[in-house]
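Construct all of the structure, not just a fragment, from the sequences and the given hints.
2 protein chains.
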Amino acid sequence: MHDQAPLGDLLRLPVGKPVDLSAYDSGATPGGPGSKAAGLADTARMGKELAGLQERLWAAATAGDRRRILLVLQGMDTSGKGGTVKHVIGHFNPAGCRIHAFKSPTREERQYDFLWRVAKELPRPGEIGIFDRSHYEDVLIAKVRSLAPVGEIKSRYVRINGFETSLTGNGVTVIKCFLHISRDEQLRRLLKRLDTPHKRWKFSPGDIDERALWPAYQGAYETALTRCATPAAPWHLVPADHKWYRNWAISRLLLECLRELDPQYPAADYDVQECRALLLAEEG
Amino acid sequence: MHDQAPLGDLLRLPVGKPVDLSAYDSGATPGGPGSKAAGLADTARMGKELAGLQERLWAAATAGDRRRILLVLQGMDTSGKGGTVKHVIGHFNPAGCRIHAFKSPTREERQYDFLWRVAKELPRPGEIGIFDRSHYEDVLIAKVRSLAPVGEIKSRYVRINGFETSLTGNGVTVIKCFLHISRDEQLRRLLKRLDTPHKRWKFSPGDIDERALWPAYQGAYETALTRCATPAAPWHLVPADHKWYRNWAISRLLLECLRELDPQYPAADYDVQECRALLLAEEG
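Listed in order, the protein sequences are those of chains A and B. The first sequence begins at 1 in full-length UniProt numbering and counts up one residue at a time. The second sequence begins at 1 in full-length UniProt numbering and counts up one residue at a time.
Be aware that one or more of the hints could be misleading.
The list makes no distinction among identical chains, and a pair is therefore deemed to hold if it is satisfied within one copy or across any two copies.
[Said to hold, decoys possible] Using 35 Å as the maximum straight-line C-alpha spacing, the simulated DSBU-like pairs for lysine-lysine come out as follows: (1) K120 with K48; (2) K202 with K36; (3) K120 with K36; (4) K154 with K199; (5) K103 with K120.
By construction, these hints were calculated from the structure, which means they are not laboratory data.
Written out as structure tokens, the structure reads:
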């Protein structure tokens, strides 16, 4: 483990300042171990502590602790949202994780406010929730593709902030990560999907249309990251051209968060010696 | 990997014959590697193949394959249902697992038929669903504690069989495992929970009352395992006094099932070369 400033401080986007994505190097590895090998080793090393802290979070919830974590993953196609779930969330006991990948809204979901389907997938006390895409799509693709009127989109930033603030007030620590990749890196990853037979199912021709809108998406992200970075629920920008760094950084953000929460195994709310005696007596 | 008869054949309870649990040694390790060390090593070795097959199951579903797996875990308190989820399901990408631990029904759930809440938690195509307890509680604790009239319980066996048959007809492979532990082993595990401060949260005085009903529970299990072992959805009896064997055996059952399903990465339903050209042209 590194004795250094919290990674959260390093990756957190400033609140109240316009975000300029071009100012951030997607190939950087801020605060990271110096090499891929060191990064992989350090990530593996974090696994045990993460799993232990998760168990304590879960155990505490059985005694009324309402705290939980919500990890929100956003980023362009191929930025590694799914890979993060596989490699980082794989550290945890899956029984305590509530993972949801948000797709384009179903007919039922479209009948309701955009936050309706999100509220249903929130982590319960003691759980670690993971959103692969999220309510932010409703100010990203919705904006880029004009799926809602301009005034509606504008109001959503405000409603998102209100929603997330109410979550934090209800025991949810919200960790929002924007996985930042370069346009070139996306091209490499899309070509790799095409060139590898067992990866072709991950590709769809629609990905080409989305990629053509790259500048519009970057703009929509800049607006969302600017308007929805709040003290209660800040955004983190995770350079994600290096998969090992992305996994290391998000593991580390979760570790810092769990250490800060410092959940405790609850004390017995029953008489241990009496229960012991009862169990043994029954055997006689 | 062992070149031997499928473990499923070895652990599957015969269909149409009354089950006598006392005839099965909960400390046995049928078909297993000869030692704990070999069992742990073989379980770890299966991890990669399990994860690879799971990815193929998931990929196939994106192209319309509706197949999926439902693993049902039942057993007395401390028999290791939660441990199985942690150690066996931990092999998989958590994004493709749908895990649900059934607790005593909520007020809302009690308004409906007992299968209502179960249907909502079923795996979607491509997923591996895991039930930690299940609809079988409605013929186990419900019978032992007379939570429903006798006639209602009787009708439930039939409805369970109908329900599970309809699942298998809809692409769900149902793997039902009864984790068989001895009364002595339960005592050891309960005492360990009491004697280990960070395990005390797992214990509740109610566990003593349930344990006192051990014979009634064994009887209720025998009835359920007899009446609900069908060719479509058989029961497996997994001796579970040895945790390493339990994890090995369930990993192995899942592996045999996934190999049998043999899901395939779908072929591209688009023109790969054309997409490649489009992506590269755009860069010019």
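To see whether the hints hold, each was checked on the structure:
1. K120 with K48: Close inside one copy (30 Å) and across copies (33 Å); limit 35 Å.
2. K202 with K36: within (25 Å within a copy, 39 Å between copies)
3. K120 with K36: Cα proximity of K120 and K36: none, with 38 Å in one copy and 42 Å across.
4. K154 with K199: neither (37 Å within a copy, 49 Å between copies)
5. K103 with K120: both (14 Å within a copy, 19 Å between copies)
In this structure, the hints that do not hold are numbers 3 and 4, in rising order.
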